[in-house]
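> Work out the full structure: start from the sequences and follow the hints.
One line per chain: the protein sequences are A and B, in this order. Each residue of the first sequence is one higher than the last, beginning at 19 in the numbering used here. Each residue of the second sequence is one higher than the last, beginning at 460 in the numbering used here.
Read the hints as simulated data drawn from the structure, not as lab findings. Here a beta-carbon is modelled for each residue, glycine too, at the ideal position from N, C-alpha and C. Watch out, some of these pointers could steer you wrong.
[Claimed, not checked] Selected chain A positions facing chain B (Cβ under 8 Å, derived; list incomplete):
id, residue
1, Phe89
2, Tyr110
3, Gly116
4, Val119
5, Glu120
6, Arg122
7, Thr124
8, Arg128
9, Met136
So you can see what is in the structure, the chains are spelled out below.
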Amino acid sequence: MTADVAALPPIAEGLFGWQDGQPHLIGSRCRTCGTLSFPQQGSCPRCSGEDVAAALLPREGSLWSWTVQRFAPKSPPYAGGDKEFRPFAVGYVALEGGIAVESRLTGAPRPEDYRIGMPMRLVIEPFARNDGTTVAAYAFAPLTTAEAPA
Amino acid sequence: MSESKLVIAGLGIHPFGRHEGLSGLDMAVTAARAALADAGLGWGDMQFAVGGSDAAGKPDTMVARLGLTGVPFTNVINGCATGGAALLAARDAIVSGTHDIGLVVGFDKHPRGAFDPRPQDWGLGAWYGDLGLMLTTQYFGVKIQRYMHEHGISAASLAKVAAKAFRNGERNPAAWRRKPLSEAEILASPLVADPLTQYMFCSPSAGAVALVLCRAEDASRFAAPPVYLRSVAMRSRRYGSFEVFSPSLPTDRGPSPTQEASRAAYEEAGLGPGDFDLVQVQDTESGAELMHLAECGLCQHGEQEQLMATGATEIGGRLPVNTDGGCIASGEPIGASGLRQVHETVLQLRGQAGDRQVPGARTGFTHVYGAPGISACAVLSR
Numbered sequence: 019m020t021a022d023v024a025a026l027p028p029i030a031e032g033l034f035g036w037q038d039g040q041p042h043l044i045g046s047r048c049r050t051c052g053t054l055s056f057p058q059q060g061s062c063p064r065c066s067g068e069d070v071a072a073a074l075l076p077r078e079g080s081l082w083s084w085t086v087q088r089f090a091p092k093s094p095p096y097a098g099g100d101k102e103f104r105p106f107a108v109g110y111v112a113l114e115g116g117i118a119v120e121s122r123l124t125g126a127p128r129p130e131d132y133r134i135g136m137p138m139r140l141v142i143e144p145f146a147r148n149d150g151t152t153v154a155a156y157a158f159a160p161l162t163t164a165e166a167p168a
Numbered sequence: 460m461s462e463s464k465l466v467i468a469g470l471g472i473h474p475f476g477r478h479e480g481l482s483g484l485d486m487a488v489t490a491a492r493a494a495l496a497d498a499g500l501g502w503g504d505m506q507f508a509v510g511g512s513d514a515a516g517k518p519d520t521m522v523a524r525l526g527l528t529g530v531p532f533t534n535v536i537n538g539c540a541t542g543g544a545a546l547l548a549a550r551d552a553i554v555s556g557t558h559d560i561g562l563v564v565g566f567d568k569h570p571r572g573a574f575d576p577r578p579q580d581w582g583l584g585a586w587y588g589d590l591g592l593m594l595t596t597q598y599f600g601v602k603i604q605r606y607m608h609e610h611g612i613s614a615a616s617l618a619k620v621a622a623k624a625f626r627n628g629e630r631n632p633a634a635w636r637r638k639p640l641s642e643a644e645i646l647a648s649p650l651v652a653d654p655l656t657q658y659m660f661c662s663p664s665a666g667a668v669a670l671v672l673c674r675a676e677d678a679s680r681f682a683a684p685p686v687y688l689r690s691v692a693m694r695s696r697r698y699g700s701f702e703v704f705s706p707s708l709p710t711d712r713g714p715s716p717t718q719e720a721s722r723a724a725y726e727e728a729g730l731g732p733g734d735f736d737l738v739q740v741q742d743t744e745s746g747a748e749l750m751h752l753a754e755c756g757l758c759q760h761g762e763q764e765q766l767m768a769t770g771a772t773e774i775g776g777r778l779p780v781n782t783d784g785g786c787i788a789s790g791e792p793i794g795a796s797g798l799r800q801v802h803e804t805v806l807q808l809r810g811q812a813g814d815r816q817v818p819g820a821r822t823g824f825t826h827v828y829g830a831p832g833i834s835a836c837a838v839l840s841r
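Okay, structure coming up:
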C-alpha cells in the first residue's frame, strides 16, 4: 500500500515527503529559536525571524484532542468525493519537539473511538476527490492499527 | 475605580433572528435611529460614526439613509470581535480629543448554514479546505474536549449552559430562540462536533445594535441614567494560544487573547473579577462560555462544574452570565454580537431589563472572541 500511495500525486506539494520508505510531514524549523511550525512557512511565528529551514517532523506522537465532523462540510472548500458522507474524526497529535499537528484521524472502528493520549502514527492514504481524481493525503492512525514499520 | 471619560447615552437594537425581506443595512438604520431617539438626538448631532459588519455590506453606506451630513464614518471588520473593535475605535476618537459624541453601529445578516470560509482568505493552502478541516465547529469541539479532559467538566454542564441561554432568551424580546429547552433535549439533539450537540451551538442569524457614545461630562444632557464605559481593550493572539484554523500549534500553551484583553480591560477600569454584578462572555457554543469565564479570571479552571450545578450563573445567581440569552439564544450576526453584549449591560445597569433584570446591578463586563484569535473586552458601571 505504501508503494501505491507514494505513486499518487500529493494533495499539496511540500506537505509531506518520504525518507527511507517512511512518510513524514514537512514543517519549518527556525534557525534562531528552534521553533517548529507546520506546514512550512517562510518566517517564525514565535520570534519573527526569517531564517527558517524545512524539517521532517516525527512520525509518531499522542492524541492531544479530537472531535468528529458529523455533517458534510460545505463544498467548496471541502473536496471529498464520498457519495454518501460518512462522519470522520479530526484532532491534534502532539509530536516530539513541542508541536502538535492537526489531522484527519483514521483507523479506529468508529469515529468516536479516539481517546486523548492514544499513541498515533502518521499514515499516507488515498483521498478521493469530488472531481473524480485520487490524491495522497496525510492522516494519523492509532499505533495499534497503523501500518507496521517496514 | 478609575475616573471614566465616556458615557453611553443612547441604545438601539433591531431584534435578532431571521428577517425575510430586510437587509442588514435596513436593520442597522433601525438600530441607529432607535439609539439616536433614546439619546434625544438627531443624526446631525453625530460628529463621527464607526460601523462594523462582516457580511452584510459596507456600514458607511448608511449615510444615504440617515442623512448626508459629511460625518466621518469609519468601517471596521474583525470577525466575531467586530463590535468590540468598533467600540474601541469610537472610544479612541473621543478620548483623543478629536470628537465629543458619535454613533457606533454593528450589524450582520447571514443565511442559514452560513460561514464557509475560504482557506486562501486565512493564509492557508487549498489542501486544508479540501480535506474538510476548514470548519470552526471542529475547533470548538477539539478545544472543549481537551478542556473537559483537563478540568473535569461534564457534558451535563454543557447542556446547562444552553438551557440557561434559552431560559434567558425567553425573557428577552430582542432574542431569537425564546423557547426553553430541557437539558435532556439539548443532550439528545444531533452531535455537530463531539461532544457538542446542535442545541449547544449558536446559529448564524441577523440583527443590529447601535450606541451613542459621548464624553462623561456631557452625561447630564441625557434623560437616561448615565452608564459609564470604564474601559475597552482588544488583543490578537500570541504564540501558544490555541486558535481556530491552525494546522499546527505549540504543545506549550501561551496566554489567550481573551486572557490578555480581559486583564487589560480590568487594569484600565480599576475593576476586576469579584467586582461585577453581571457579565456577558462569548458563547459561540456552550463550552466557549465555560472556558471564557475561566480565561477572563471570573472563576478558576474546573470551578465551572460547581457553578453550573449550583445555578451561580443564572439571573439571581452569584454571577449572572449572558443575561440576554447570549449568542446561543440570539444567534450570531457577527458584526452585531459584541455591541449586543454592551447593549444588554447598559440596559441592566439602567434598570431597564424588564423580566430579566438583575436587581441592583451597578457593574458589568463584556467579552467577545473571534477568529483568527482576537478578543475585545469592556467594563461598564453606573
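> The structure should be examined with respect to each hint, and the outcome stated for every one.
Structure-based check of all given hints:
1. Phe89: With a closest approach of 7 Å, the A:Phe89 hint holds.
2. Tyr110: holds, 7 Å
3. Gly116: A:Gly116 check passes; min Cβ-Cβ to chain B is 5 Å, inside 8 Å.
4. Val119: At about 5 Å, which falls below the 8 Å cut-off, the nearest Cβ of chain B leaves the hint on A:Val119 intact, so it holds.
5. Glu120: Cβ of A:Glu120 sits 5 Å from chain B, so the hint holds.
6. Arg122: At 6 Å from the nearest chain B Cβ, A:Arg122 passes the 8 Å test, so the hint holds.
7. Thr124: violated, 12 Å
8. Arg128: violated, 11 Å
9. Met136: With a minimum Cβ separation of about 12 Å from chain B (threshold 8 Å), the hint on A:Met136 is violated.
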